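With chain A's structure known, arrange chain B on it following the hints.
Protein chains: 2
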Amino acid sequence: MSQPKSKPPLEPEGAVPKAVVNRLSLYLRELLRLVRDGHQTTSSSHLGNLLGFTDAQVRKDLAYFGHFGYPGIGYRCQELIDAIRRILGTDRFWPVAMVGVGNLGRALLGYKGFGQQNFRIVAAFDVAADKIGESIDGVPVHPLDKLTEVVRQQRIKLGMVVVPASSAQTVADKLVAAGVEGIVNFAPVTIVLPPTVNLVGVDLAMELEQLSFAVVNRGNVVPANDD
Amino acid sequence: MSQPKSKPPLEPEGAVPKAVVNRLSLYLRELLRLVRDGHQTTSSSHLGNLLGFTDAQVRKDLAYFGHFGYPGIGYRCQELIDAIRRILGTDRFWPVAMVGVGNLGRALLGYKGFGQQNFRIVAAFDVAADKIGESIDGVPVHPLDKLTEVVRQQRIKLGMVVVPASSAQTVADKLVAAGVEGIVNFAPVTIVLPPTVNLVGVDLAMELEQLSFAVVNRGNVVPANDD
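Those protein sequences? They're chains A and B, same order as listed. With this note's numbering applied, the first sequence covers 775 to 1001. With this note's numbering applied, the second sequence covers 775 to 1001.
Isolated chain A (complex conformation) (with noise of 0.2 Å):
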């Protein structure tokens, strides 16, 4: 309370619920658009409009965080933006090591979502000799056996796995012996990690799995109004 209200904290006060987090994302994206196409101020039951939840829901995510709006005015979309980058933490850069120079390696290399929220690609391995050496949207593709050392010389505390399901495991253990502490896998199997490091698994079929349900259950679903 005693916050000046343009400062929101960057650290939420108890422990944060993945979907929040996730919801964060998502509430970010939408700001954005609001800005890029005018708007200057939005509301809880505007955004959680825009998103199918109830604008109780967005109020009570943000609440973790601090309090983000004006009486009468609402929320400062930018404001916002900048809040939750802070809160994400990706106000600040965040270099990212991929492991694996396959078809979905060189889509990732190219994709350009990624630097939009201040993630880059600086570093790629692979263990294929015709690949190393490339540079593949300005990216340098190393070998395996240099990951350790160009990790810990670049400080990359994040990693991502896009080699075939054999070897997942054994690329993301070196990925944090080197020091790396968030890891997304992208290979098609379930990898284990110390408690310490974080995983968010990709796995692209549940997308459509998602869809299959709404399709053969039309009209039993309704938008996701959880913490």
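FYI, nobody ran anything at the bench for these hints, they're computed from the structure. This structure is a prediction, so every number in the text was calculated from the model and none was measured.
Put simply, identical chains are the same to the list, so a pair is met inside one copy or across any two.
In silico DSS-like links for lysine-lysine, alpha-carbon gap of 30 Å or less:
hint, residue 1, residue 2
1, K931, K920
2, K931, K886
3, K931, K905
4, K920, K905
Just chain B now, kept in the frame of chain A:
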């Protein structure tokens, strides 16, 4: 209650929150892994433990769809796998149309995870003359203006938009007009669809944001435990 335990209903009794459907996909993957590892049965607490949910959460999620546990046994893994597949609609084959054959599109055409869940990209579309007529991983690349014809002919209900942001909305509209009922959007832009069409947006930077948040807020994140 009169439902025999061996035939859980396909249709939920009421509206199901999206987060529950998402967790069904996660349960399915852990169950498949358990079966691969030789387990025949599991319990709500074991399944919950593997994913960081409580046993109550697991039971509550499954209760939307029927009664799956056996006293003194727990869940029979293969039976629950079959039930979840029936619920998600992935006990049947889903042909998928993909628009945009860039790096990411090519990666998706080779992505093994789709076939494992009964999704298959059967037709790809692009506007680039040098791609049209090509066959990638056995999938023909058609000119974009054949989209309506091919989607109708093959009764395709699911589509993936893998084009640049500037053409994502136009392409999505075309898919909907052709009869597609669910769309996964990989373009880094928000698209708007009629309420009867289901939309899932994939923004790969969001996964990294979950990690950057976790790295800057060590110990302040709890697993999703909501419904």
